[in-house]
Each structure stands twice: as structure tokens, then as C-alpha cells.
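There are 2 protein chains.
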Amino acid sequence: MLHGNAVIGQSGGPTAAINASLAGVIRGALAAECIDKIWGAFNGVEGMLSGRMCDLRAILSCEDELELLSHTPAAALGSCRRKLSASGEGEDYERLFKMFAENNIRYFFYIGGNDSMDTVAKVTSYAEKIGYKLRVMGVPKTIDNDVCGTDHTPGYGSAAKYIAASVQEILRDCAVYTVKAVTIVEIMGRDAGWLTAAAGLPRLRYGIAPDYIYLPERTFDLDSFTTDVMAALERRPNIVIAASEGLRLADGTYVGECAQSGACDAFGHRYLAGTAKVLEQAVKEKIGCKTRSVELNILQRCASHIASETDLREASMIGRAAVEFAISGETGKMMGFERVSDEPYRVAARCGDIKKIANLIRKMPDEFINADGNNVTDECLRYIEPLVMGEPKLAYEGGLPKHFIIPR
Amino acid sequence: MLHGNAVIGQSGGPTAAINASLAGVIRGALAAECIDKIWGAFNGVEGMLSGRMCDLRAILSCEDELELLSHTPAAALGSCRRKLSASGEGEDYERLFKMFAENNIRYFFYIGGNDSMDTVAKVTSYAEKIGYKLRVMGVPKTIDNDVCGTDHTPGYGSAAKYIAASVQEILRDCAVYTVKAVTIVEIMGRDAGWLTAAAGLPRLRYGIAPDYIYLPERTFDLDSFTTDVMAALERRPNIVIAASEGLRLADGTYVGECAQSGACDAFGHRYLAGTAKVLEQAVKEKIGCKTRSVELNILQRCASHIASETDLREASMIGRAAVEFAISGETGKMMGFERVSDEPYRVAARCGDIKKIANLIRKMPDEFINADGNNVTDECLRYIEPLVMGEPKLAYEGGLPKHFIIPR
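One line per chain: the protein sequences are X and E, in this order. Number 271 in this note's numbering belongs to position 263 of the first sequence; there are no gaps in the numbering. Number 401 in this note's numbering belongs to position 393 of the second sequence; there are no gaps in the numbering.
Treat the hints with caution; some may be incorrect.
Identical copies go unnamed one by one, so any copy, or any two together, can satisfy a pair.
Capping the alpha-carbon separation at 20 Å, the derived lysine to aspartate or glutamate pairs in DMTMM-like fashion look like this [as the list claims (entries may be wrong)]:
#	residue 1	residue 2
1	Lys-401	Asp-63
2	Lys-401	Glu-317
3	Lys-294	Glu-351
4	Lys-292	Asp-386
5	Lys-91	Glu-375
6	Lys-91	Glu-399
7	Lys-188	Glu-54
8	Lys-45	Asp-63
9	Lys-410	Glu-317
10	Lys-298	Glu-265
11	Lys-292	Glu-242
12	Lys-91	Glu-317
13	Lys-410	Glu-399
14	Lys-298	Asp-159
15	Lys-137	Glu-375
16	Lys-364	Asp-159
Read the hints as simulated data drawn from the structure, not as lab findings. Remember, predicted model here, so these are calculated numbers, not experimental data.
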């Protein structure tokens, strides 16, 4: 058994479940005899490189605090988008491993998205190269659900629940008037349609849903879109459309590419915005009825007030399992879920080789998308539904949810 | 005691509490011996004019159903924006009163905003003019809270809770990165800052809040705004700003006027959009850091999943009280709340002469706005807090809140 200290970092965009995973890793580490200090690094590898760390054993000692942390949105330790050098060597690696050695850090847990798993893979390789004994585990989180090697990602269920509940409310809202109107809801997901698909969820139980759901897995065609909208307006006055921010035309350009800045983030992703605005303009010009666009925006990733209890429970569960796998000897692995049963829904934690998973994108399978490419199938909704089940018992004060803040 | 039938209509924009008021009116009417049929008019006066009505006594007979109706967002009877002629006579009035006479309707309850109270005033005048015995009561609802003659309006508390909880989550989300960034949250409220003010609520209990809150009660100046933003960025990297959609420059033009369509609704209001987009562009040009705008959009008025229990309870209470006042002989009145005590917070239902109230706008008082005109005072937040208290026990199915649908 490898004895030593642990460091935990969070990275990438916020989710409603990333702190539940943090709570899970802490729970696992608190229960482990071979782990002494539990360091929390502020702002992911940035904090590890600059020595900005905190003693999580001292800060989060009781179950009530861990529970409140689980109900707190966005990375409680702060996040970063720092990318370690592609060559797998350089000053960052040297500084990082100097810090590990000085602090006898033998367990490295990194909670993040696709890009963070890339960091995990590189740290694993470097440890092997220099022969430093380190157990490196990646705990995935992303609302996008586009990570390979897992049935779904922690954070997706809560985002999907927020989207489905919000779209259900928008559907009720739009239904009150009798004048022709088109409402276009723009939903996150640069490369995959998982989040946008969740807009269809009210259909399963309540028989209402957006008239169309456009996904990045299918080429977007403006003429087909106009035809779709006109056909729906024949059926009823108020129509609602869910559109992914990641829709692309046949030539590969994003529908919303014209808007926002042309800036790229550290990983070379372009910031997108404005898909719904572009479609709104198109409807106004080609059909001429009242049209409105709604961007669900960053609340999709941080609306912990309507988090999925299943998501939070599972996020903690694989955080804890990451510690157990690491203690049992695993390293360079990403945690994931295997759906072992559909009815009743049950998942098991497993881990897979991170080098085979990092930097890949999991798109929606064909059987989740209808033949016309403008909606999702019931099979897709049955995949999503168990992930949004359950409501956490949130603590409120002054009418607002309480959050746990890690002091700096 | 006036015996006869009642008709209830809903009008104006949706809120999370407008159905709680409907449930309250139904509860009052069910308890009244002098009221026989309880008609629900689809789409407000439109349904009354075209005979599209339903028998609410048959549809909503038990308390469980009334409770579920209370938790359903947006007008369950549908809404309209139809304006009765300003002259106070014409075909609409004749048709309306012919329908009243044919159906022996003696009680008219109209649940709506400022514009709906205008309808109530006109119907009252016409009934008096032709000598038709009718008790007309207006039950206000508007998320905007800008109706005169009441401490606050039903619907405001739930919208304020949604805004405060969402802004709290956005504040947590924005705090995770260390790079300089400005996030601008656009909040509804064409003429008054009540909703935007709610963004400051997390300050009271949790010590976090947007750096600035810009309200339509104060002239907006782009240079002062830029100075404000630069000063805040000196203090910390991530700043969050709450901006009303109704901000105007010194010359009276709306900051967001350039965007969206130039169309007007039936009441001559211009559709606004894009205040945050305009400010986002200004920050990018003048300061050059990462900037993002978030429009809370229509979810502010329909997000019943985080409704205020106080709001729903009070909305039902004045709906019921409207019936009681009407039975006692009142007519041409609008229901309202009097805040009879601050600690403990207690309100009483009262009614006021609708002709003195309709078409007036209640703005935020000076003592609710700070001296610099770029934030709200604690006094303002203490006014808002009791209105957002309490969380309703929502029924969920398949991970989504259940709604009550009135069949058509």
C-alpha cells in the first residue's frame, strides 16, 4: 500500500456536481488509512505550481459540511484552463513534481472535463518517465456529457434537469397567447447534442416538448429549418424550438459564428454565441411572425438550485471510488459509470485507461436522433430520464440556497 | 347579497403566481353561497367575447388540484393583450355585456397587470353606465412590482427569488477563474428597477452580490459606467453587473433600443432587448477584457420551480379576498397588500379604487437606491427579503415538476 499525501484539483468549466465529486474524493481520502494530508489546490494545476493550497481535512471535517459543499455550484477550489506543454516536459512539469516530492504527494486527483483529462494523462506519463511513485486519477465532470469511456458524466444530469425544467416552463409560458410566435431556445454543447436533447424530456411524461430539436450531430440547413417552422405554425400558433449552440452549416461554419468575439480559449476552442439570434433573424425575415430567442447561458452549468439528486449522488460516488481504485494500485485512469441495469436504473463505478479516452469526443448515437434529423427519439429520452431523477434537500436561508465556501 | 354566476379571466404576461391567484379566486367562489357557476374565460376578455369558457367548478374540485394549479407557471386559462376601446363604448362592450346578461354573470374577476387593471376600470364604468349589476374586481399580478396601491404585487416575490438565486449561482460561477472578466446580467423591468434590485439580495445573508446594480430610476451614463467597471476590476478579477433592460440615457433613449424589432405591442410598449449586449460591447471596446452578457429572459416570469412560497400563499390569499370583498359589495376595485408589520412580516389584503391606480407606475423610492445611483441600499433588500421566503413543496414526476393543465 502506497502511503503519503493527496492533492485534489478542479479544472474546466463549472458544473452543479463538481463539488459533489470533490466531496466524494474527500470522503474517500478521509476513510483511507494510507492517506495523511488532503491538500486542495486552488485553481487546479495553477495552485499546485504556485503553492496556493489548503488543508481540506481541517476545512471539511464533518458530513454536514460535505453535504453543503455538494449542493454548492461551480468549483469550490476554483478552476483554471492552464494547459501543460504538449511535449510532456518543461518547467511546469519540473515545478509540479518538485512540489509533489517536497510534500510527499503520492495521490493526485483531478476533477474536470476533457481538457483536464489531458492534464491527467500528461502528469501520469511524466511520473512514469522520471520514476516518481504517484497514483493519478481523473474524475470527469462536464455538463456536455461528451466524454468517452463512461455511460454519462457527472454534471450532465443536473444540467439536463435544469434545461428540461426550464424548457417545460418556457413551453407553458409560450402557450398562453393566441398570436403566431416562434421561440428559439439556445442550449450549450459545442460538439455534441446531449444537453439540447434534454429539452425534449417533458415529452416522456407530460406530452409536451419543443416542436423541433436541432443537434450538432446533423448538418444544419436553413431552408429545411424554414420549412419545418412553417409546417409547425400550421398546426398551432406558438412553437418552441431547441437549438444547440454548436449547429453547423454544410460548409462546416457554425450558425452562430458571426456573433460574439472571435477569440479562442487556451485550448483553441472558439467562443460561440448567437445561434438562436441568427435563427431568430432568419424566421423574422422569411416568415415574419413574432420571434424571440432565449439563451439558457451559464445557468445551465451552475443552477444547483435544481440539481439532480441522482447526479450529485453519483458524482460523490465516483469521487470516492477514484480514491479506492488509486489505493488498490490504479493510476493514469479516468473514472466512469457503467449502466449495469436499466430497470431499475443502476450504475457501477469503473475506471479506464486515460490515454485512450482523453481528447476524444462522444457524440450522440444515430438511434437517439429521428430520421429527419430535427428531433430526438424516445430511446434517447429514456437514456436521459434516470439521470435527472430526484431532488436534493437544499438548505435555504433568507429565501436563498446556502453554499459552502472554502476560505482563501 | 348579489346572487349569480362568476367569470374569471387572466391577462398580461405570465408569472409563477398568476395561477395561485386563480386558485384563490376559485377557493373564494367555491366557498361563496351566492355564486353558482364559476366560469373560466380562455385568453381573458378574448374568451369572454368569443364564448370560449370552461366550467371551473367541474374542472378543479379538490384541494390537491388547486394546489397543483398554484405550482403551475403561466396563465392556465391563457392570456391576451386585447385592449378595450378607450372611449368606453363600442362593439366589444356590447358583446361582453350581452354575454354577461345571458349567463347571469354578476361577478367579474380579472387577474392581470397594469394593462389588465385598465380593462377592469373600463368594464366597471360601462356596467355603471348601462346600469348592469356587476361586481368587478382586479387581482394584480406582475413580476415587475410596479403597480400602485399595494406594498408589492403577486408574482414579484417568485421572480425576485429566481433572479436572486440565479445571480448567486452566476456569482459563484464567475468566481472560479483568475482572469479578468466582466459578466453583465440583464434583468427585466421596463420602467422600474424592482426586479433588478433583487439581484442584490445575496448580499444580506451571504455577503456576495453584483458589484453594481443599474436601475431605470437613474439616468444611465456610459462614461460613469466605464469608470465604475475599471474601479471594480482593480479590486478583484471577476466582476458581475446587474443591469435593467429599462436603462435609459440622458436623452431618454433606451440603452438597448438598437436591438430586437422596433415593433410595439397592443399597448404601445416597445419590445426591448439587448441592454446587456450593448454594455458588453462597450466594455470590450473601452476596457478590452473578457466580457459576457447573460439575459435572464422569460424564465424570470415563469420559473415556478423556484417560486416563493410566500408569494404563492399571498397570491391565493388576495384572490380569495377579492371574492369576499366583491360579495360584501365592493366593485371597481383592485386588490392589494398592506404590510402591517415588518418583524414578523405580515400583510393584510385590502382593496383600492381602480380608477386611481390603473395606468400609474410605481417606481423604486430614493431611499432604496445608493447615492452614486449604481446599487441598492440594505433598506431595499430588507423590503424584498420577506417576499422571497419559503419554498413550495412541488410534486415531481420523471425528475420534472408536475403542472396542472386546464383542458380545452
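These are the hints, each one checked on the structure:
Neither within a single protomer nor between protomers do Lys-401 and Asp-63 lie at most 20 Å apart by alpha-carbon distance, with minima of 27 Å and 38 Å respectively. Taking the shortest alpha-carbon separations for Lys-401 and Glu-317, both the intra-copy value of 9 Å and the inter-copy value of 16 Å come in at or below 20 Å. In this homomeric assembly, Lys-294 and Glu-351 never come within 20 Å of each other (Cα to Cα): the closest approach is 46 Å inside a single copy and 57 Å across copies. Neither within a single protomer nor between protomers do Lys-292 and Asp-386 lie at most 20 Å apart by alpha-carbon distance, with minima of 31 Å and 44 Å respectively.
For the identical chains of this complex, Lys-91 and Glu-375 are neighbours neither inside a copy (35 Å) nor across copies (49 Å), given an alpha-carbon limit of 20 Å. Taking the shortest Cα distances, Lys-91 and Glu-399 never come within 20 Å of each other, neither inside one copy (36 Å) nor across copies (42 Å). In this assembly of identical chains, Lys-188 and Glu-54 lie within 20 Å of each other by CA distance solely across copies; the values are 16 Å between and 52 Å within a copy. Taking identical chains as interchangeable, the C-alpha atoms of Lys-45 and Asp-63 lie at most 20 Å apart only when both belong to the same chain, with a minimum of 7 Å there against 68 Å between chains.
Taking the shortest Cα distances, Lys-410 and Glu-317 sit within 20 Å of each other both inside one copy (16 Å) and across copies (17 Å). For the homomeric pair Lys-298 and Glu-265, the shortest alpha-carbon distance between copies (17 Å) is at most 20 Å, but the shortest distance inside one copy (24 Å) is not. Taking the shortest alpha-carbon separations for Lys-292 and Glu-242, only the intra-copy value of 16 Å comes in at or below 20 Å, while the best inter-copy value is 43 Å. In this assembly of identical chains, the alpha carbons of Lys-91 and Glu-317 never lie at most 20 Å apart, being 32 Å within a copy and 46 Å across copies at closest.
Proximity of Lys-410 and Glu-399 under a CA criterion of 20 Å is satisfied in both settings, with 15 Å inside one chain copy and 13 Å between copies. For a Cα distance limit of 20 Å, the shortest separation of Lys-298 from Asp-159 qualifies neither inside one copy, at 40 Å, nor across copies, at 34 Å. Taking the closest pair of Cα atoms, Lys-137 and Glu-375 never come within 20 Å of each other, the shortest separation being 43 Å inside a single copy and 66 Å across copies. Taking identical chains as interchangeable, the C-alpha atoms of Lys-364 and Asp-159 lie at most 20 Å apart only when both belong to the same chain, with a minimum of 16 Å there against 62 Å between chains.
Of the numbered hints stated above, those contradicted by the structure are hints 1, 3, 4, 5, 6, 12, 14, 15, listed in ascending order.
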